[in-house]
Every structure is written in structure tokens, then in C-alpha cells.
Amino acid sequence: MHMSETPTDPNRAAHPAREPRVIECEDPATGASLGFVPVDGPEGVRRAVEAARAAQTAWAEASFTARRRVLGRILEHVVTHADELVEIVCRDAGKTRENAIMGEIWPVLEKLRWTMAQGERHLRPERMPSGIFPHKRASIRYAPRGVVGIVAPWNYPLQNVLGPAIPALFAGNAVVLKVSEAVAFSSARFQRIFDEAFEAEGFSRDLVRLVNGFVPTGAALVGAGVDLLIFTGSMENGKKIIAESAETLTPVILELGGKDPLIVCDDAALPQAVHAALVGVFIAAGQNCMAAERVLVFDAVYDDFVRGVTAPSCGRARPWETRPSTWAPASPRPRWRWWSAWWRTPSRGGRARSSAASVGRGRGTSSSPPCSWT
Amino acid sequence: MLVDVTPDMPIMQEELFGPVMCIARVSGEAQALEVANGTRFGLGSTVMTTSFSRARRFVEALRAGSTSINDFGLPYMNMALPFGGVGGSGFGRLNGREGLRACTVPKAVLEDRLPLHMPSKVFPVAPLDYELFRGVLRALYGRGASSKLKGGAELAVTLRSKLSARLRSR
Chain A
614 MHMSETPTDP
624 NRAAHPAREP
634 RVIECEDPAT
644 GASLGFVPVD
654 GPEGVRRAVE
664 AARAAQTAWA
674 EASFTARRRV
684 LGRILEHVVT
694 HADELVEIVC
704 RDAGKTRENA
714 IMGEIWPVLE
724 KLRWTMAQGE
734 RHLRPERMPS
744 GIFPHKRASI
754 RYAPRGVVGI
764 VAPWNYPLQN
774 VLGPAIPALF
784 AGNAVVLKVS
794 EAVAFSSARF
804 QRIFDEAFEA
814 EGFSRDLVRL
824 VNGFVPTGAA
834 LVGAGVDLLI
844 FTGSMENGKK
854 IIAESAETLT
864 PVILELGGKD
874 PLIVCDDAAL
884 PQAVHAALVG
894 VFIAAGQNCM
904 AAERVLVFDA
914 VYDDFVRGVT
924 APSCGRARPW
934 ETRPSTWAPA
944 SPRPRWRWWS
954 AWWRTPSRGG
964 RARSSAASVG
974 RGRGTSSSPP
984 CSWT
Chain B
52 MLVDVTPDMP
62 IMQEELFGPV
72 MCIARVSGEA
82 QALEVANGTR
92 FGLGSTVMTT
102 SFSRARRFVE
112 ALRAGSTSIN
122 DFGLPYMNMA
132 LPFGGVGGSG
142 FGRLNGREGL
152 RACTVPKAVL
162 EDRLPLHMPS
172 KVFPVAPLDY
182 ELFRGVLRAL
192 YGRGASSKLK
202 GGAELAVTLR
212 SKLSARLRSR
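Which chain is which? The protein sequence lines are A and B, in order. Take the working numbering: the last position of the first sequence gets the number 987, and nothing is skipped along the way. Take the working numbering: the last position of the second sequence gets the number 221, and nothing is skipped along the way.
Source of the hints: derived by calculation from the structure; they are not laboratory data. Each hint should be verified, as a subset may be incorrect.
As a list, the in silico SDA-like pairs of lysine to any residue whose alpha-carbon atoms are at most 20 Å apart [as the list claims (entries may be wrong)]: (1) Lys-853(A) with Leu-191(B); (2) Lys-172(B) with Lys-158(B); (3) Lys-172(B) with His-748(A).
Anything over 12 Å on all C-beta distances counts as not near chain B; from chain A, calculated [stated by the list, open to error]: (4) Thr-643; (5) Val-650; (6) Asp-696; (7) Gly-716; (8) His-748; (9) Gln-804; (10) Arg-805; (11) Phe-827; (12) Pro-864; (13) Asp-880.
Because the structure is a prediction, the values reported are computed rather than measured. Quick reminder that beta carbons are idealized off the backbone N, C-alpha and C, glycines included.
Construct the entire structure; sequences and hints are all you get.
Written out as C-alpha cells, the structure reads:
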């Protein structure tokens, strides 16, 4: 298949002819409408950044103890309201409850725990040797940058918001975070997590603002003068972000895609390898930047491995399925068409080994791949 | 699931972000590494092996932001470890010490230990200052005792010349 025939990814940045004022939210599993969320345009972003900056001066002065108290409130909130948060994530992203609790709630709680336990150690001033100036005392201070802008993707709505926001906050920054338009519905609920924590500890709600919009809203973050931009998304959009950041010399952290290998050696414990590959490929229906997109198997164990991953027991839907959408993706609707284009395009020699080619929208079949449980 | 996939196929180079297992055959470590490192990406990697030495070889040679031995995805759950990629997977880190410090401006600070307020005079440049400083550099950085001694001797001679010049000028 020639590269020019590669199906183009409809998830790439789209520039609507007329700038939409609202985002139409939908449950990707069922197609049910979740209502509309207003778009925060460049002006809204600018105001959010200004307000965040104003609030940040007080926050930068807060002791680590005070910052830990805020994080503690967030942690309590997530633990207490786990079921509710799981439910909203499932509705907005079309994922399973198991994925939401293991892949979103758990990492967020662990991030909070680690930051509270270890964060101060890494952020305290660090004494350095005086070197050839014994009459001087040398140290490194880790000062907050100011306002951190974050552009989040859609695959793990809760985790993509809290994950990067927590360290940025603990380091003494304010945060303005642009939520993906594909999962705008849940953003208001996540905003509450921060609002309640700040209010309880006497800090301003402006310290973390979630904004909604399309690509221009994210681009506006750079122009609004954030002091650091954290972008997670496609390589193509990442390049656009760097191009924007060149104008203001805004430092950027780019978390782009991957084509991660999973190598099965001839001395691997085969059941462990089979399980790891199934999880690595199919968790969240493969919508993971670090998904195991290529499984490389040593010759000697190749046949056994293939037998292992295509065993009939892998294909049954698990009894604890809670949603009809056993295999629903979190991605916006166009992605279905893109996947089926890949599937239909002959790939010169590669053979399909599973009848899972029947990609039904929102419906798992009895031969659906093992991704059905997470 | 696609079996017998080969590295030249576009599906082995372009990110799919979907529920497709692409299984490719490799002859051994060398080919596994070649194929594994053969895309523009480099985010994570997983190696299934029961050999510690083999695991170590892969850890050293895989071009990626993380390598996990015998478990998929676990590095991300250790929040002390940084997360991020190389090449087309991006730059910068989240999580861990690196991710935390990335949200800060590391500021270099040099302060006085004692309340001594004598300037370290570097100007105006006087005769023999060059030789003096060269002597200091040799004494401080010369490798081996003889080199340092030579530097020290040069320093001493230069200082004496400077002193006598100053006395004469009075």
C-alpha cells in the first residue's frame, strides 16, 4: 500500500469554516446526546490566563504543607466520588467502568499520593558544592513558572486533566487547561473537584481553569502568554503548537504518539507474554499513546504465541460487562470510518487472524477481541 | 489481529491508536532491536524475557522513553518515574522528579557565606596580571603534582615581581 493511499486521520486538526460557539456532546457508545457546552474562544482563554496569573502570586507563597492540604482535598474527593466520576467518564468517553477505575481513578490517586509524599523533596532548594568559591554558598531554587497551559487529549478524560495539573499546581503554578472537544461534557464536573478543594483551603478558584473549545482555543493558550505549555496529542498538532510557541518563546512539553514495541523473546514466560500483549494492544481499544502497537515475537515461540493470543477463551465477553458498548471507542465518530479503512486496505502479506474485522458501532460480538473487559 | 506483518508495511510505521494487534516475526535479539528502533517514534517499550542479562541489553539498546520488563504499562504507575518519549514521540517529561521540576524555573543562586565585602578585582588590568592568572590556572588545574608545583612557582615569581614593581613605584 503506497503511503499516499494511507487513510488520512480525520482526528487531525479541523478548521471549521465558521467558528462554532458550542460543542455538541455525545456518548460515543450509544450515540445519545449529552447536550451542548459553550466554546471558550481566544478572549475567554486570555481572561482565564489573566485571572490565573493574578491568583498565582498568593499560591506561589503557599507552604508545601498548605499545598499538600489542597491535594489531600482533591484525593478525598476522588476517593469519595469514585463511582460518580467513573460514571461520567464512561458516558463522555464511551469506555468501560473497569477501564475508568483502573486507568483513570487509580493513576490519579497514585499521582496525588506520590506528589504529597515526595513532591517537596524534589522542589526544595538544593544545596550545591561551592566549587572553587569556598566563600560563597551555592544552591538551586525551583521557582514556579507562573501559569502552566495544558492541552489535553480525549482518551482518558479524568486522568488527562488531573495528571498534569497536580504536579504543575504543587510546584506553585496556576493552570489553564484546554479539555478535548470530544470529552467536553465531563469538564464541568472535573472543575468542581478543583473548585471545592481550593475553597475548602481558602485559595482562589482561578488557580485551575478548565476551558473548552476546538484547536483555536488550544492555540490561544500559547498566545495568551502562559509560561509553559504541556501538549498531549498528535504529532501534527504538536508541530503546530511548537510553531505558535516560537513567537513567544514559550517552553513546550510534547507528549506525542508512539508505535511501541512489545518484544517476546524465546525465553519469555509465554502465558505472561500473551497476557501482556493482549492488555497492551487492546486496553481502551488501543487508544493509548503507549499501546503495544507492534508485537515482535522471536521465531522459536512465534507459533505458540499466536496460538495463545487467538485462543477461543480470549474472545468471550466477560460476565461482569456493565455496558452494551463492550468495544466502544472514546474517540469521535469519524475514527470508526478511519479504522475500517485501515482494515479494508490490503496490507501486502499480513493476514487477518480474527473475525473481529466486523467493527460494529457500539456493539461487541461474541468473537470480539479481548479488549471487551477494559 | 494481523500476523506475519513485516516492518516495511505502513501499519508498522504509522500510529494506529486502535484495537489491532500487529504480530511480526523476528529472528532474535539483533533483529528485534533493529525493528523496534526502526520507526520515528520512541515512547515506551516492553520486553518479555526471563533472562536478566538479556533484559539489561534491551534496556540499554532500545531507543525509547521507557522500557518495561515483563509487565505492560507498569512504568506509568510508578509515579517516581518520568514519562515521555524521544524522536517523533515528543520531548520533555511528565511524572516523577523530572515532570515536577519541568513545571519550575531552576534558578542558580550564589550567596555570601561570610559578611566579607572585598571586591575580586579584575580591572584595571595591570602588568603581569596575565602571568599571574596563568600561574593560578596551572596551580589549580594542572594534572599531577609537578604541574601544580610549576604553576605555584610561576605564581610566586610573578607575585614577587608585582610586589617589587609596586615598591619601586612608591
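Status of each hint after checking the structure:
no., hint, verdict
1, Lys-853(A) with Leu-191(B), "violated (50 Å)"
2, Lys-172(B) with Lys-158(B), "violated (26 Å)"
3, Lys-172(B) with His-748(A), "holds (16 Å)"
4, Thr-643, "holds (19 Å)"
5, Val-650, "holds (24 Å)"
6, Asp-696, "holds (21 Å)"
7, Gly-716, "violated (9 Å)"
8, His-748, "violated (6 Å)"
9, Gln-804, "holds (20 Å)"
10, Arg-805, "holds (23 Å)"
11, Phe-827, "holds (19 Å)"
12, Pro-864, "violated (8 Å)"
13, Asp-880, "violated (5 Å)"
Hints 1, 2, 7, 8, 12 and 13 from the earlier list are contradicted by this structure; the remaining hints agree with it.
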